[in-house]
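Protein chains: 4
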Amino acid sequence: MSIFEEIESNVRSYCRSFPDTFSSAKGSFVYATSGKQYIDFFTGAGALNYGHNHEHMKRRIIEYLESDGIVHSLDMYTVAKEQFLQTFRSKILDKGDYPYKVQFCGPTGTNAVEAAIKLARKVTKRVGVFAFTGSFHGMSLGSLSVTSNHYHRQAAGIPLSHVTFIPYPGDTYNIDSIDYIEKVLQDDHSGVDKPAAIIVETIQAEGGINVAPIEWLQALNEICKKHEILLICDDVQVGCGRTGSFLSFEDAGIVPDLVILSKSISGYGLPMALLLINERYDIWTPGEHNGTFRGNQLAIVAATAGLELWSSSQFQKEVGWKSSLIKTILERYISSIELNIEIRGKGMIWGIDFSGIHAKEKANEIRDKCFSNGLIVECVGRQDTVVKILPALTIEPEILRQGLEILVDSIAVALKQATVT
Amino acid sequence: MSIFEEIESNVRSYCRSFPDTFSSAKGSFVYATSGKQYIDFFTGAGALNYGHNHEHMKRRIIEYLESDGIVHSLDMYTVAKEQFLQTFRSKILDKGDYPYKVQFCGPTGTNAVEAAIKLARKVTKRVGVFAFTGSFHGMSLGSLSVTSNHYHRQAAGIPLSHVTFIPYPGDTYNIDSIDYIEKVLQDDHSGVDKPAAIIVETIQAEGGINVAPIEWLQALNEICKKHEILLICDDVQVGCGRTGSFLSFEDAGIVPDLVILSKSISGYGLPMALLLINERYDIWTPGEHNGTFRGNQLAIVAATAGLELWSSSQFQKEVGWKSSLIKTILERYISSIELNIEIRGKGMIWGIDFSGIHAKEKANEIRDKCFSNGLIVECVGRQDTVVKILPALTIEPEILRQGLEILVDSIAVALKQATVT
Amino acid sequence: MSIFEEIESNVRSYCRSFPDTFSSAKGSFVYATSGKQYIDFFTGAGALNYGHNHEHMKRRIIEYLESDGIVHSLDMYTVAKEQFLQTFRSKILDKGDYPYKVQFCGPTGTNAVEAAIKLARKVTKRVGVFAFTGSFHGMSLGSLSVTSNHYHRQAAGIPLSHVTFIPYPGDTYNIDSIDYIEKVLQDDHSGVDKPAAIIVETIQAEGGINVAPIEWLQALNEICKKHEILLICDDVQVGCGRTGSFLSFEDAGIVPDLVILSKSISGYGLPMALLLINERYDIWTPGEHNGTFRGNQLAIVAATAGLELWSSSQFQKEVGWKSSLIKTILERYISSIELNIEIRGKGMIWGIDFSGIHAKEKANEIRDKCFSNGLIVECVGRQDTVVKILPALTIEPEILRQGLEILVDSIAVALKQATVT
Amino acid sequence: MSIFEEIESNVRSYCRSFPDTFSSAKGSFVYATSGKQYIDFFTGAGALNYGHNHEHMKRRIIEYLESDGIVHSLDMYTVAKEQFLQTFRSKILDKGDYPYKVQFCGPTGTNAVEAAIKLARKVTKRVGVFAFTGSFHGMSLGSLSVTSNHYHRQAAGIPLSHVTFIPYPGDTYNIDSIDYIEKVLQDDHSGVDKPAAIIVETIQAEGGINVAPIEWLQALNEICKKHEILLICDDVQVGCGRTGSFLSFEDAGIVPDLVILSKSISGYGLPMALLLINERYDIWTPGEHNGTFRGNQLAIVAATAGLELWSSSQFQKEVGWKSSLIKTILERYISSIELNIEIRGKGMIWGIDFSGIHAKEKANEIRDKCFSNGLIVECVGRQDTVVKILPALTIEPEILRQGLEILVDSIAVALKQATVT
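Chains as they are written, first to last, in this note's numbering: chain Y, 32 to 452; chain P, 32 to 452; chain G, 32 to 452; chain W, 32 to 452.
Looking at chain Y on its own, in the form it has when it is part of the complex (with noise of 0.2 Å):
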């Protein structure tokens, strides 16, 4: 028995679909105790989109620890915080012409989830908050009344309260959710009170890879704005610049009120969550919502160098170019399948959903086999059928090919026989 099986918590997870113990990783490959080498289509579940241990950024994360910069200092005034800042500004807020005030929240995406809920309410005095189908936002106690997921909700304990579930677009509800939303705020019958906010992703990650059409997105904003309802845009995992675009919905024109940003928001790997407070909704009261690691320093230098790495025009033309690949390339070989398989995707991230035909099993017998052949793809969705690739935005194309290879191989093994349901 390995120590992790002798003192690690039955909880572990990842270690489960991906038996090896990693050592090293540079950029997209991920090297292990094995000798095996991984190409990394998983990326720290949307945490590095510069690759692992980029070059430009652990320069700056090893200069800042030379010199002694200061690493821990709660949400005191830093130089380090100074200078982030004002690239965040420069870099994305003016760019967009953005009216967001930054709140630093406890590291994790949850934390930020639960700060943009309590402000909310505290906002609008009002409780309720109307969350999506395939939702996933956390597993803190708020942010888990959020989260859509079964077998993550029973872990509660206790009854989640206080929340509308409402169908995401694309799902199998046929419900004009919009449409629904609307009635629900208009008939005095309803028994859904006004709720403070709702939250979305605008493309549901854990979900499934549900894509938002960009006119939903923008009826969902008019609705909020109509009612007075604060819209929060949960882009932990497809932000910072996953869609093509640094806020995922920069290409719908839309402003929500509050934002969640975390995983590759500090793009090194390092724990940090931001949250972006329209300047108007402002109204927290001093530490009202704090938490020892808000000013992960370390993680706010690494920031910084990841947001000069993106303002590269360059860097962004290759991001379109490689999504535009990835697009090709999945199209064209599941078009070749017969099978009710369908494809999904924005920018660099991107679903194969097998929830269609009948061995539904089978995306996770292909994330192992791209396993053994040298792949980390991960599965998500209902029941797990979609498999999920999200590559580094910094991958190379040859070894983008490689693995898209490797991947497309994976599937033609495992789907022998396969079937439509």
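Since the hints were made in silico from the structure, they are not lab data. Treat the hints loosely; a few may be bogus.
[Said to hold, decoys possible] Covered stretches of chain G (chain W as the covering partner; in silico rule of three or more C-beta atoms under 8 Å from a C-beta of chain W):
#1 48-59
#2 83-95
#3 180-188
[What the hints assert, rightly or not] Result set (DSS-like, lysine-lysine): computed pairs, CA atoms no more than 27 Å apart in a straight line:
#4 Lys214(W) to Lys391(P)
#5 Lys348(P) to Lys126(P)
#6 Lys225(P) to Lys225(W)
#7 Lys153(W) to Lys256(W)
#8 Lys447(W) to Lys358(W)
#9 Lys57(W) to Lys89(G)
#10 Lys391(Y) to Lys214(G)
#11 Lys214(Y) to Lys214(G)
#12 Lys57(Y) to Lys89(P)
#13 Lys153(G) to Lys156(P)
#14 Lys257(Y) to Lys391(G)
#15 Lys153(Y) to Lys153(W)
#16 Lys89(Y) to Lys122(Y)
Using N, Cα and C, we set each Cβ at its ideal position, and we do this for glycine too.
Assemble chains P, G and W onto chain Y, guided by the hints.
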């Protein structure tokens, strides 16, 4: 207006008490852009037991970075985690014969508190939790519900449920809380159901440096065992050596069912949080509680280095010696003032309680004077009336004396004309 | 100022719509101190299916009182209860081969709703309840949580939890609610746990005389059976013969697991409420739900007499005949008006819905005109736009015609110049 | 098997303790089909203060019925209600100069408790309620949440929230509850928010005949006034003359903000419940809390007759005299037994507490023996160890003596060989 005032949320807090911009730090000193340097008796609210940027840890972190050790890997197996677990077992678990398994939680204390409460509910199939007056456990919804502070509770925006508060030893309630709990549990008309867990801090830090007597902890442990209630020890602020032993309950000879470690577990200020679970209660299923940054490898590397520092018997001896020094100096000084000022503490956490004098707000004045004079101390407790002294365990005796001198001088100035309430 | 205005609480309500002081009543007439008499198309919101002070029942009640029959005895065994149970079994249960046991609840509909929800949770060990938009189930906390009306919900003063609202057939939502429920239950990312129960009115009376189609009730029943969810039928207002059969779901051929009867179960206006429990779910332990007035013997005596009236085939034939009469007159009249006015109903409960015309508030105006003209009718539904017609089942055809004439005339006057919205 | 066993729900309860079938009743006697007659020291759990079928009230009820007085009219104005309100004002409100307005609630105590809690939340815009250990307030969800009894609480099937339980005077907790409440309210780290209301019984009847000292009630009243918390007195069981004054708190000289009356307010066993509201808090909007049977005219007619009986000074004098008689006989007898048996009570409600002796279950044995010997008494309190003595206020002294004799004899037989615990 600074960039902070312009775009950082109004929630920012410590920056208001300590108005300078910090650039670097080393050991017990923090350096600001103003040119000033400060002795640090605050140490990241307990996250910096080894002081700022300790060389031994720093070298390890930089080596790891330079070698491209994997920085982010969720809860996969890694070499860094393997080394940490082996070190933690040999240096901590084996030494105390503790039956704990280790859960790597999202890297905030509050996340591990959430995990503990969820697990206790799952194990017992009960809902309620008993917490204590004066408690502080965190800002996410589950943790907030067991936090006693009204200021933070009201920020939830919803009623906080499923928790019963019991008077903590030494609080003004004059209630024998053990007897009270026993009666609540035995009385079939108490209105309070048997809880899943009792969550306790052995020393309430944010609550005002309230120290639970050893016998009380033992009795609390007994009552939990008798009624099959899980005892959760939140050792976030006073664990990791702060009280003179690594786990704060060692001298009570008890083994809480669940123990939360965070803040100084990495020791370098890098975000990390652990839940120790008595192996008999490790009934999690895979991924039932998860989080992107639950495997913050850099923090794990630092944590291993930190455990090496801690395990030196010389280190522990010096902590003991410095504890006595603080106690002696404070007691001598406070007894020289003829006012109703109480000092409380243990190991290297101490509080000076000004709530008994007419001018309670003196505590904040003292903090401000200290800061002007080059010392960082925080106020905690009811109405912020307790000055908290929390130096690094590694502080040089000379610096410790200097800091205490600044403190004593600041008190003296502030207290002119103060009288007993 | 009257004594009512002086010392009766502002909560008083119907007295504002019907401003007269009533002294006596007989059959379908109510007499006031003003000297006026009114035809009653309101009948105690459904509590007076046999009209006011029916002689057969009255004689029984007075005989019982004169003989000093025991009037109050909680849930002890009494002769009066024995006779009721025998009559209820032979006249109702045996006739429909219903497997129900009878619980005498506190004598309010809301109390029996509370009992039903508690029992459903106990049976299933689940927490949630599905209720419908437009529903009304009562004012105590449990019943209020399944009541859809915002005006009443906000009066709770706390967030109402554990309930999911589903669109009722015919509501504006354009959602196939059966399909929606099925998908919510099958989707592992729906965010909504399988409920303990679904609570439904076969006709929503307070909600606006919304009639659920028989096929829909059958499908709802199916889905409950399939997923082992308890089906609760709240038959408080439309049970006891109102729809033409004693239990309103008889023609759907379904057997809800729990059925709530109140209002006209005693039939004389005396407080009484029953919960019918499928015997397989009668897992109550003694006194687990109780209440001082759960054995209101006078009401029980009246109820036995009422069942005797009901069981006459002549009685039921006449109800059928009068149902047709109402329908015919209303349809003829409404179709003569060229406005978007809908009539809905079944048996002897009908609604005229003015929500589709420009001047929705006309409904209240019509109610007031009717009252001036000697007819009592109530407004219900969204924004009070539906005039509810609820005559006694025993009403003489001539009086029924007279009442409908007053109604038609009042509508005609009110609708001058009204146009479609 | 009887019809009861066949089709009445298992929830039936008192019929198990008193296994006979009752047919008629008069004054303090109940008659059964077995041919036996019983002296009634249970009186409908307090609903029959004027005994069974009191002639004065009976004549009024029958007259009303014979004259076809309106029996059901929801909350419209009626002649019967007018007469009641005038009588209630002159006989009760004016006499004590009470500033109450009267709300006619659904005719169960629990319904009025629900109304009181809702109104307190509406008035204060707060959520929490303080209730007491040993309390009983009803079975609907809101009332159940303030009921202390675990057996009843678990039947909710959901966690009961928003309530804090405080030790009632005399309970085993040895806590000065007034001091405790004061400290909870003052301590900014108590974890307990200022409540909307404190709900109290001046004597806990179901809880075991626990009598709150007058000074304690006064202090409780003070603390509520000071902190602007509404004081709710649940006078359901011990109001309406039971303690010697009409409202049980008269001798304390306090004016609770909300008072709940039910059980003996009609006095004939007919369902009725009132909420008395300090006029300054009567901020209900029309129909905000409602219910079909809130105007049970027959009960209102009886209530007016009952108030006439009560207001005779002779009546009240006799109550005083019989109170002393019970006290004297019980004290003499109990002091003659050398066991740790406590008697508690006031006016005409008394309890004999057997919890201090080895064989606690003796209480039930005594109840059974009494029943065999022709006396109905109930057991209440923790583990049912208190025999409750609750004769009609109208009981003839001779019958009272006879009943007490049966009781004393039954105790004597049961206690042979009993010893102190």
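We went through each hint and held it up to the structure:
Coverage of the region 48-59 of chain G by chain W holds. Counting CB-CB distances below 8 Å, 9 residues qualify, and the rule asks for three or more. Counting residues of the region 83-95 of chain G whose CB lies closer than 8 Å to any CB of chain W gives 5, so the stated coverage by that chain holds, three being the minimum. Coverage of the region 180-188 of chain G by chain W holds in this model, with 5 residues showing a Cβ closer than 8 Å to a Cβ of that chain against a need of three. Proposed proximity of Lys214(W) and Lys391(P) is supported: the alpha carbons are some 18 Å apart, at most 27 Å.
Distance restraint check for Lys348(P) and Lys126(P): the Cα-Cα separation of roughly 17 Å lies within the 27 Å cut-off, and the hinted pair is therefore satisfied. A threshold of 27 Å between alpha carbons decides the hint, and for Lys225(P) with Lys225(W) the separation of about 24 Å falls inside it, so the pair holds. Of the pairs offered as hints, the one joining Lys153(W) and Lys256(W) holds, with about 17 Å between alpha carbons and a cut-off of 27 Å not exceeded. Restraint check for Lys447(W) and Lys358(W): satisfied, since their Cα atoms lie roughly 23 Å apart, inside the 27 Å limit.
Straight-line distance between C-alpha atoms of Lys57(W) and Lys89(G) comes to about 21 Å, which keeps the hinted pair within the 27 Å bound. With a C-alpha separation of about 18 Å, the suggested pairing of Lys391(Y) with Lys214(G) holds against the 27 Å cut-off. Under the criterion of a C-alpha separation no larger than 27 Å, the hint pairing Lys214(Y) with Lys214(G) is consistent with the structure, at around 20 Å. Only pairs whose Cα atoms come within 27 Å are accepted, and Lys57(Y) paired with Lys89(P) is accepted, the gap being roughly 21 Å.
With a C-alpha separation of about 15 Å, the suggested pairing of Lys153(G) with Lys156(P) holds against the 27 Å cut-off. Straight-line distance between C-alpha atoms of Lys257(Y) and Lys391(G) comes to about 23 Å, which keeps the hinted pair within the 27 Å bound. This hinted pair checks out: Lys153(Y) and Lys153(W) have alpha carbons roughly 19 Å apart, not beyond 27 Å. The suggested pairing of Lys89(Y) with Lys122(Y) holds, with an alpha-carbon distance near 21 Å, which does not exceed 27 Å.
Of the numbered hints given earlier, the model fails none.
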